[in-house]
Amino acid sequence: MEKTSFMIAAVVLLVNNSLACLAVTSLTTDQSALLAFKAHITSDPSGVLAKNWSTTASVCHWIGVSCGVLQQRVIALNLSHMGLTGTLSPHLGNLSFLALLGLSFNHFHGQIPEDLGSLHQLEGIYLGYNNFSGDVPSWIGNFSNLKLLDLKYNQLTGSIPYAIFNMSSLQRVDLTSNGLYGSLPEDICDHVSKLEGLFLSLNRLYGRIPSSLYKCRDLQYLSLSFNNFNGSIPREIGNLTMLKELYIGNNDLKGVIPSEIGNLANLEIVSVRSGSLTGSIPSFIFNISSLRIIDLTNNNLSGSIPMDIHYDLPFLEELYLTSNQLSGQFPPGLWECKGLRSLSLSVNKFTGSISRKIGNLTLLRDLYLGNNNLTGALPEEIGKLNLEKLSIQEASLTGLIPFQIFNMSTVRIIDLGLNQLSGQLPLSLGLWLPNLEQLYLGDNKLSGIITSSIGNASKLTILSLTTNSFTGSIPNTIGDLRFLRVFLASQNNLTRESSSRELSFFTSLANCRHLKYLGISLNQFNGILPASFGNLSTTLQRLEAFGCNLMGDFPSGIGNLSSLEVITLDSNELTGFLPETLGRLKLLERLYLEHNRLQGSIPNDLCLLNKLGDIYLSDNKLHGPIPTCLGEHKPLRSLYLDSNNLTGTIPLTLWSLTDLIGLNLSTNSLRGYIPLEIGRLKVITQIDLSWNQLSGDIPSTIGGAQTLVTLSLAHNKLQGPIPQLLGDLINLEFLDLSNNNLSGGIPKSLEALRYLQYLNLSFNRLQGEIPTGGHFANFTAQSFMQNEGLCGAPRFQVPLCRTSRTTYLDFLKYILPSIAAAILVAVLIFVLIRFRKQKKQLPPSQVDPSTRGWKVVAYQELGRATDAFNESNLLGSGSFGSVYKGTLSDGMTVAIKVFNLQAEGAFKSFNAECEVMCNVRHRNLLQVISSCSNVDFKALVLEYMPNGSLEQWLYSHNYFLDVLQRLNIMIDIVSAMEYLHHGLPSPIVHCDLKPSNVLLDEDMVAHVGDFGIAKLLGEGEYMSQTKTLATIGYMAPEYGTEGIISTGGDVYSYGILLMEVFTRKRPTDEMFTGEMSFKRWVSELLRDGSVLFVVDSNLIGSEDENFSAKEQCVLSVFHLALACSKDSPKERINMKDAAAMIEKIKIEFLENIGKDRKDKLITTNSYRH
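For the sequence shown, the positions run -23 to -1, 1 to 1146 when mature numbering (1 follows the signal peptide of the UniProt record, and there is no 0) is used.
The reader is advised that the hints may include incorrect statements.
In the EDC-like style, the derived pairs of lysine to aspartate or glutamate whose C-alpha atoms are separated by at most 20 Å in a straight line are [unchecked claim]:
1) Lys725 with Glu765
2) Lys862 with Asp978
3) Lys221 with Asp289
4) Lys366 with Glu295
5) Lys1121 with Glu609
6) Lys725 with Glu746
7) Lys124 with Asp167
8) Lys334 with Glu358
9) Lys588 with Glu542
10) Lys192 with Glu163
11) Lys659 with Glu163
12) Lys192 with Asp164
13) Lys192 with Asp229
14) Lys1042 with Glu1015
15) Lys598 with Asp636
16) Lys1113 with Glu955
17) Lys334 with Glu294
18) Lys361 with Asp289
19) Lys15 with Asp112
20) Lys588 with Glu557
21) Lys1107 with Glu1015
22) Lys493 with Glu542
23) Lys725 with Asp705
24) Lys611 with Asp980
25) Lys1121 with Glu1088
26) Lys1107 with Glu955
27) Lys1121 with Asp636
28) Lys598 with Glu550
29) Lys611 with Glu542
30) Lys862 with Glu979
31) Lys171 with Glu213
32) Lys588 with Glu1082
33) Lys315 with Glu295
34) Lys1056 with Glu1082
35) Lys1103 with Asp1114
36) Lys221 with Asp195
37) Lys493 with Glu1082
38) Lys659 with Asp980
Because the hints were derived from the structure by calculation, they are not lab data.
Construct all of the structure, not just a fragment, from the sequences and the given hints.
This is how it looks when you write it as structure tokens:
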């Protein structure tokens, strides 16, 4: 018996020792895995891992590590909120007992390793708030025990793996704020019956919200906001009786709110904001007694709010109905919802007054009732609430502002602007507003003084008092507002202190070291800018003080204000010289100093300001020449130097400013000629050179400035004929050529100017018949006075035109020489054709005929130039060969395209390229310099483009193109294609337009290259092509199905290229599969003019200063792209129309980001929320 007991004890001891040994071995594996994880950490700011994760201590005692009680294996790793940076080690996959992985709120990046797919015990994954990229791993669907999956706020892309919705144990999925796209499966809830929370907001999901969601019976939280879902809200959602929170706003949902939502008896939050919902708000929503928050903001809902809203919503805390079409009066029951904390009813059509019962809402913190059609005054009861935000702007309110409002110690924002409020500010203003940050009282009828007590509102950052009737001076206590960022007091009756001619408040404002925007225009200061003006905050970005009778010399201290972007000091009485210190303002974009008394010359220092786009110096006493350097100032958009005493000639470089929109040099003493280069101004809308001493002819090249709206060359000494090409200025509305010495006839081409409203050709030496077509039918004799040789209709008060004898003489004088010249040209063309035919009959041993006209380079020189065609000089490979960079013996850097003679069609392509590129010349086409050809080697020597290809700029991480650069590149491309299609006797079809075939020179001017597949077509012809030459993704449908090529195919490719350039997505991206093509994706995601879900995310953001201009520009670009890429060739526009449209888009973009002079009278809303 003792022996048996001993044996049993021995066996037990042996087993225990074996298990202990096994546990130690397994724990060692876990330790190795965690140490490998630690090795991938590049930053540990708290030193947690460095100090604590040591082999001297058991892994189970490490911070963030938990082990099981029984098996002594790592079952949880939780290092959330540690600030760690690094990648995930694949060795984490060896933690085979891991049930919880928590790494949220760190800085992990890279992809989630596939090795984690072996962690089959996982029940919770928390990787949110990191920078993980790549796809959501499909192997997550293999975790049969997984309950919680949290990957929110990362950079994951691709579609949501279908396998995720096959995990029967899953209770919560949170993929919020990634880059996920695709649609949700219709059977989404068939296998996840335990799902309680589904969070997919802030992605790029599209399609309809699955009606089968009702099968997730336990669902309590559904968040699908900020995606691209379309269609209607599925009625089946009403079957989710456990639902507590519903977020489906910021999608493209249409239709009405389904009545079935009224069945959600447990619903606490419903948010369906920013959709396209219509109809009235269903009364059943106001019957869900559990509701705490209702947000239906920014839809098209109509009707009124139920009168008895308070009865069935005892727990209502927040009600957001802003930006709808709601009408009627505020219901009395609204003021009985005593639990309300936020009430937002702005931007609707509510009428009536604000009830005094609003005082019942004692818990109210935020009140927004603005942009309605209210009547009456503000009830004083509002001032008895503990509000933090009060906004009732533009609501037609009248009467006085209750003084109680200025006693609310809790209030942070008061916005009562754009009403009809009257009266004076209380003398105690600011004494009882310790938390006030923003005060908007602009655009009312307030009067009296700006009280000095305002300085007690020490937290004030924005103060807007514009467009009232305030009098007196700006109190010096304004300088006590140390956090002030915006001070607007324009359009009042403010004056200076009578004790001094200097404006002392500038000295006080120098204490406001955060000031960014100062607007005090249209007052009656009648004072001098003090020396302390230069002591204003260096954070000041915008200074507006026009039309306020500022006197004295222009302050040289302005150069200290290094952050200035806009200076608006026009329409004052400033004297003195423009200081050289202006050259320090490196961020300056707009300079408005017109209508002053400034003298001296225009300083060259202005040319140092690399961002300066608008220069307005009109109506001063400036003299001397126009600085030549201004013509080299590429950002310049508007140059207004009129009404000064400028002399000399107009700098020739000025006509090379391709982004110039407005040019006014009138009323000076400028002389010289108008150069041929005037036609280079491709976006110009106004040219005024009148009242100078210009001479010579009007160059015919002016017809190239096709965007011109206003052209005035009056009161000069111009002579010669009016150019026929003026008829090409298709946008022209105003044309004044009066008071010159112009001769010849009035071109009939002017009849085609369908927008022309004003024409003055008086006081010249014109002759011949006055045209009668087009807008000439509306012009009177005033347009043609004092031209003794003119004839025409009696209403023009000129003699009638003679017919027979005059016609015969004109025939002899004008037409006969033209006929003779035409015959001579025809003979020359015939001789040239015969000569070319003879050349084509030369034996093969002679020089390749297509290379005549340029120097032929020897093979040996190309070998030396490329270091024997070393791969280090390889720039790229194409369908017919490779391109190398080389340096010729004369030092010229070139690109050498070597043809692969084994490729089908290579020799034909070489001949085609030589033939085409020899005869085609355009600034946006890649030019051939020379060639090399023998039996087994053929190459073209091309211009070298130092900035590489458009593809490189789009998809390399260290390159970036802004909106204007992308527009310019696409304009260059369409200019080249327009020339190929419409500028030659026979159209040339490129066939392979794509980013790699667009090259950029040192000035970022685009050049279209690779004519290896170019085809010559007769007018209106189509060509059948059996070999696929175009690139998948860019080829037109008719090319892929029938092999038909035409100019329309290039237009299609241009449309696809437009989309690619502005989305930074390839048309062959893997996301575009099946029926979801690149074009369809763009088309479906464009909704309501919002392009944020389509456009390259680096190109435009909602916080951008010029967001609206960029958004409108990109939206127009996409509409043009879709017009170019219609499936049917007959429905597409042609390349000429595309060129005109994108030029117009650029003009509108530049105008939108420029300063509209009329905006100077409206500064009130610049900083409104």
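Do the hints match the structure? See the list:
A threshold of 20 Å between alpha carbons decides the hint, and for lysine 725 with glutamate 765 the separation of about 19 Å falls inside it, so the pair holds. Distance restraint check for lysine 862 and aspartate 978: the Cα-Cα separation of roughly 14 Å lies within the 20 Å cut-off, and the hinted pair is therefore satisfied. For the proposed pair lysine 221 and aspartate 289, the alpha carbon gap of about 17 Å is at most 20 Å, so the pair holds. Proximity of lysine 366 to glutamate 295 is assessed by CA-CA distance (about 14 Å); at most 20 Å being required, the pair is judged to hold.
Under the criterion of a C-alpha separation no larger than 20 Å, the hint pairing lysine 1121 with glutamate 609 is inconsistent with the structure, at around 24 Å. For the suggested pair lysine 725 and glutamate 746, the alpha carbons sit about 9 Å apart, so the restraint of at most 20 Å is met. Of the supplied pair hints, the one linking lysine 124 and aspartate 167 holds, its CA atoms being roughly 16 Å apart against a limit of 20 Å. For a cut-off of 20 Å, the pair hint linking lysine 334 to glutamate 358 stands: about 8 Å separates their Cα positions.
A C-alpha spacing of about 9 Å is found between lysine 588 and glutamate 542, which places the hinted pair at or below 20 Å, so the restraint holds. Taking the CA atoms of lysine 192 and glutamate 163, the gap is near 11 Å; set against the 20 Å cutoff, the hint holds. For the hint pairing lysine 659 with glutamate 163, the CA-to-CA distance comes to about 53 Å; that exceeds 20 Å, so the pair is violated. Between lysine 192 and aspartate 164, the direct Cα distance comes to roughly 9 Å. Compliance with the 20 Å bound is thereby established for this hinted pair.
In summary, the hint linking lysine 192 to aspartate 229 is not supported, as the alpha carbons are separated by about 24 Å, beyond the 20 Å threshold. Among the hinted pairs, lysine 1042 with glutamate 1015 is inconsistent with the structure: their alpha-carbon atoms are about 23 Å apart, more than 20 Å. Distance restraint check for lysine 598 and aspartate 636: the Cα-Cα separation of roughly 28 Å exceeds the 20 Å cut-off, and the hinted pair is therefore not satisfied. With a C-alpha separation of about 6 Å, the suggested pair lysine 1113 and glutamate 955 falls inside the 20 Å cut-off, and the hint holds.
Taking the CA atoms of lysine 334 and glutamate 294, the gap is about 17 Å. The hint holds against a cut of 20 Å. Our distance criterion of 20 Å between C-alpha atoms is broken by lysine 361 and aspartate 289, whose separation comes to about 27 Å. The suggested pairing of lysine 15 with aspartate 112 is violated, with an alpha-carbon distance near 24 Å, which exceeds 20 Å. The hinted pair formed by lysine 588 and glutamate 557 meets the criterion: a straight-line CA distance of about 17 Å does not exceed 20 Å.
A hinted pair counts as satisfied when its Cα atoms are at most 20 Å apart, and lysine 1107 with glutamate 1015 qualifies at roughly 11 Å. A C-alpha spacing of about 10 Å is found between lysine 493 and glutamate 542, which places the hinted pair at or below 20 Å, so the restraint holds. For the given pair, lysine 725 sits about 12 Å from aspartate 705 by alpha-carbon distance, which is consistent with the 20 Å threshold. A hinted pair counts as satisfied when its Cα atoms are at most 20 Å apart, and lysine 611 with aspartate 980 qualifies at roughly 11 Å.
Distance restraint check for lysine 1121 and glutamate 1088: the Cα-Cα separation of roughly 15 Å lies within the 20 Å cut-off, and the hinted pair is therefore satisfied. Pair hint lysine 1107 plus glutamate 955 holds up; C-alpha atoms about 18 Å apart against a cutoff of 20 Å. Under the criterion of a C-alpha separation no larger than 20 Å, the hint pairing lysine 1121 with aspartate 636 is consistent with the structure, at around 13 Å. Under the criterion of a C-alpha separation no larger than 20 Å, the hint pairing lysine 598 with glutamate 550 is consistent with the structure, at around 12 Å.
Between lysine 611 and glutamate 542 the alpha-carbon distance is near 17 Å, which keeps this suggested pair within the 20 Å criterion. Distance hint between lysine 862 and glutamate 979 is fulfilled; the C-alpha atoms sit about 15 Å from each other, no more than 20 Å. Between lysine 171 and glutamate 213, the direct Cα distance comes to roughly 18 Å. Compliance with the 20 Å bound is thereby established for this hinted pair. Using a Cα cut-off of 20 Å, the hinted pair lysine 588 and glutamate 1082 holds, with the two alpha carbons roughly 15 Å apart.
Taken as a hint, the lysine 315 and glutamate 295 pair is honoured in the structure, with Cα atoms around 11 Å apart against an allowance of 20 Å. The hinted pair formed by lysine 1056 and glutamate 1082 fails the criterion: a straight-line CA distance of about 29 Å is larger than 20 Å. Between lysine 1103 and aspartate 1114 the CA atoms are separated by roughly 14 Å; this keeps the pair inside 20 Å, and the hint holds. With a C-alpha separation of about 10 Å, the suggested pair lysine 221 and aspartate 195 falls inside the 20 Å cut-off, and the hint holds.
Of the supplied pair hints, the one linking lysine 493 and glutamate 1082 holds, its CA atoms being roughly 14 Å apart against a limit of 20 Å. At roughly 17 Å between alpha-carbon atoms, lysine 659 and aspartate 980 fall within 20 Å of each other, so this suggested pair holds.
Hint compliance for this structure: hints 5, 11, 13, 14, 15, 18, 19 and 34 are not met, and every other hint is.
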